[in-house]
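Peer 1: Each chain, written out:
2 protein chains.
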Amino acid sequence: MKIDIWSDVICPFCLLGKRRLDAALAGWEHAGDVEVVWHSFELDPNAPRDLGGTLVEKIANKYGVSVEQSRASQQDIARQFTEVGAIFDWERAKPGNTFDAHRVFHLAVERGLGNEVMSRFMTAYFAEGAAIGEVKTVQRLAVEAGLDADEVRSVLDGDAYGDAVRSDELAARQMGVSGVPFFVFDHRLAVSGAQPVEVFVAALNQAWDTQVSVPTPFTSAGSTGEDDAKVCGPDGCAIDDPRR
Amino acid sequence: MKIDIWSDVICPFCLLGKRRLDAALAGWEHAGDVEVVWHSFELDPNAPRDLGGTLVEKIANKYGVSVEQSRASQQDIARQFTEVGAIFDWERAKPGNTFDAHRVFHLAVERGLGNEVMSRFMTAYFAEGAAIGEVKTVQRLAVEAGLDADEVRSVLDGDAYGDAVRSDELAARQMGVSGVPFFVFDHRLAVSGAQPVEVFVAALNQAWDTQVSVPTPFTSAGSTGEDDAKVCGPDGCAIDDPRR
Numbered sequence: 019m020k021i022d023i024w025s026d027v028i029c030p031f032c033l034l035g036k037r038r039l040d041a042a043l044a045g046w047e048h049a050g051d052v053e054v055v056w057h058s059f060e061l062d063p064n065a066p067r068d069l070g071g072t073l074v075e076k077i078a079n080k081y082g083v084s085v086e087q088s089r090a091s092q093q094d095i096a097r098q099f100t101e102v103g104a105i106f107d108w109e110r111a112k113p114g115n116t117f118d119a120h121r122v123f124h125l126a127v128e129r130g131l132g133n134e135v136m137s138r139f140m141t142a143y144f145a146e147g148a149a150i151g152e153v154k155t156v157q158r159l160a161v162e163a164g165l166d167a168d169e170v171r172s173v174l175d176g177d178a179y180g181d182a183v184r185s186d187e188l189a190a191r192q193m194g195v196s197g198v199p200f201f202v203f204d205h206r207l208a209v210s211g212a213q214p215v216e217v218f219v220a221a222l223n224q225a226w227d228t229q230v231s232v233p234t235p236f237t238s239a240g241s242t243g244e245d246d247a248k249v250c251g252p253d254g255c256a257i258d259d260p261r262r
Numbered sequence: 019m020k021i022d023i024w025s026d027v028i029c030p031f032c033l034l035g036k037r038r039l040d041a042a043l044a045g046w047e048h049a050g051d052v053e054v055v056w057h058s059f060e061l062d063p064n065a066p067r068d069l070g071g072t073l074v075e076k077i078a079n080k081y082g083v084s085v086e087q088s089r090a091s092q093q094d095i096a097r098q099f100t101e102v103g104a105i106f107d108w109e110r111a112k113p114g115n116t117f118d119a120h121r122v123f124h125l126a127v128e129r130g131l132g133n134e135v136m137s138r139f140m141t142a143y144f145a146e147g148a149a150i151g152e153v154k155t156v157q158r159l160a161v162e163a164g165l166d167a168d169e170v171r172s173v174l175d176g177d178a179y180g181d182a183v184r185s186d187e188l189a190a191r192q193m194g195v196s197g198v199p200f201f202v203f204d205h206r207l208a209v210s211g212a213q214p215v216e217v218f219v220a221a222l223n224q225a226w227d228t229q230v231s232v233p234t235p236f237t238s239a240g241s242t243g244e245d246d247a248k249v250c251g252p253d254g255c256a257i258d259d260p261r262r
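Those protein sequences? They're chains A and B, same order as listed.
Under my numbering, think of the first position of the first sequence as 19, with each following residue one higher.
Under my numbering, think of the first position of the second sequence as 19, with each following residue one higher.
It is possible that part of the hints are untrue.
Since the list gives no way to pick one copy over another, a pair counts as held whenever it fits inside one copy or between any two copies.
[Claimed, not checked] Within a straight-line C-alpha distance of at most 16 Å, the following computed EDC-like cross-link-like pairs (lysine to aspartate or glutamate) qualify:
| # | residue 1 | residue 2 |
| --- | --- | --- |
| 1 | K20 | D204 |
| 2 | K76 | E86 |
| 3 | K76 | E109 |
| 4 | K20 | D40 |
| 5 | K80 | D62 |
| 6 | K154 | D175 |
| 7 | K76 | D62 |
| 8 | K20 | D227 |
| 9 | K154 | E169 |
| 10 | K80 | D253 |
| 11 | K76 | D253 |
For the record, the hints were derived by calculation from the structure and aren't laboratory data.
Could you build the full structure based on these sequences and the hints that come with them?
Peer 2: Have a look at this one:
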């Protein structure tokens, strides 16, 4: 079974949701048959490389609330991070444009290191105060996660994998996705947001139980019917029968 | 777009159907976005390695018709082969058990040579009188198609990839497939039998036009609703808003 996840590097609920999915998978009997695939989704494609100021200030400005209220909201998210074994050092967080990070992530997917690179990016942003919008940060983290330094530099110097990022985002728009994380189980069942572990377990079970999908028979004016379908079966090949 | 094909090596309508699909793809604008994947389906899993006798005799016996009538049916199929640029030398054909051929085909898939090996097997059976049920024939053809001789021998000496063959056949049964070829477009649309080229074109178009499938939102008692879904979007992270 395939699970597609749309997320952004700097989206706290994306990390929380992914960790809760992981927790659901950890205790699930068919976990060995699951393939998890990340997809790119930029919360703000127009963001500058460095938003400047602190996260608390930016949230206070965006919502028109006090710095104290903004701080409380970040503390609440940090508490939820702790519950899934992660760190959200919101006082040091340096949000910024994530397009380059997503481009390098797609290089990583081709090198079989998609999970490693995405995890490294997220940990660095949330726990280590890494300026994820800066080219040199993306370069350093990608290499730490196992990518070849020259190859990463070549991607960052050009525009490689930009199409892959846009393609992921187009697919999300076509599904009507406006916020992340967004999880799709086997192309059929969607879970939006950092839902509780038990919701992911229930979704996994439902997706698994409805896994066998029978395709719709194609019918058209030119299609031969059942009676003279040219097929071979256990008893021979249909129109092969000379008695007809 | 993915096209899954269930077929057997010795099934004449499988070769005809695949060639007609290829003809449909050759003139189709989105052909470059199509991935074709073969799947195993044995017409007769209990067949001996060598059925003995001629194909014409076997068909005459199976259907209780004269050798002349049987010959006419083979000539008709051979004529259809000619129309798709293939050869059916039915006088030399040596049908037999295809389990080993399918096992080696699955090795080929892992080595990126699935199409090459399946095509080689079919051409050898239909046009060259190759005894496809014999281990030494399968060994020779697989190596001719590009597989490593030692690796093929190791598969044929053991039972590797038997599970992969059975898994393909189980998937076919679960879809209610009793005869081949069976084509599934993007997991959703099915075409059964060696249909005319124009039917494949129409099926390709229909599958392409309905390609964007929106997954069903998962709902359960424990799922949080739209109002408090923990997502981040262009305007920030939902419950991040301290005014709520």
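Peer 1: Tell me the numbers of any earlier hints that the structure contravenes, in ascending order.
Peer 2: Every hint satisfied by this model.
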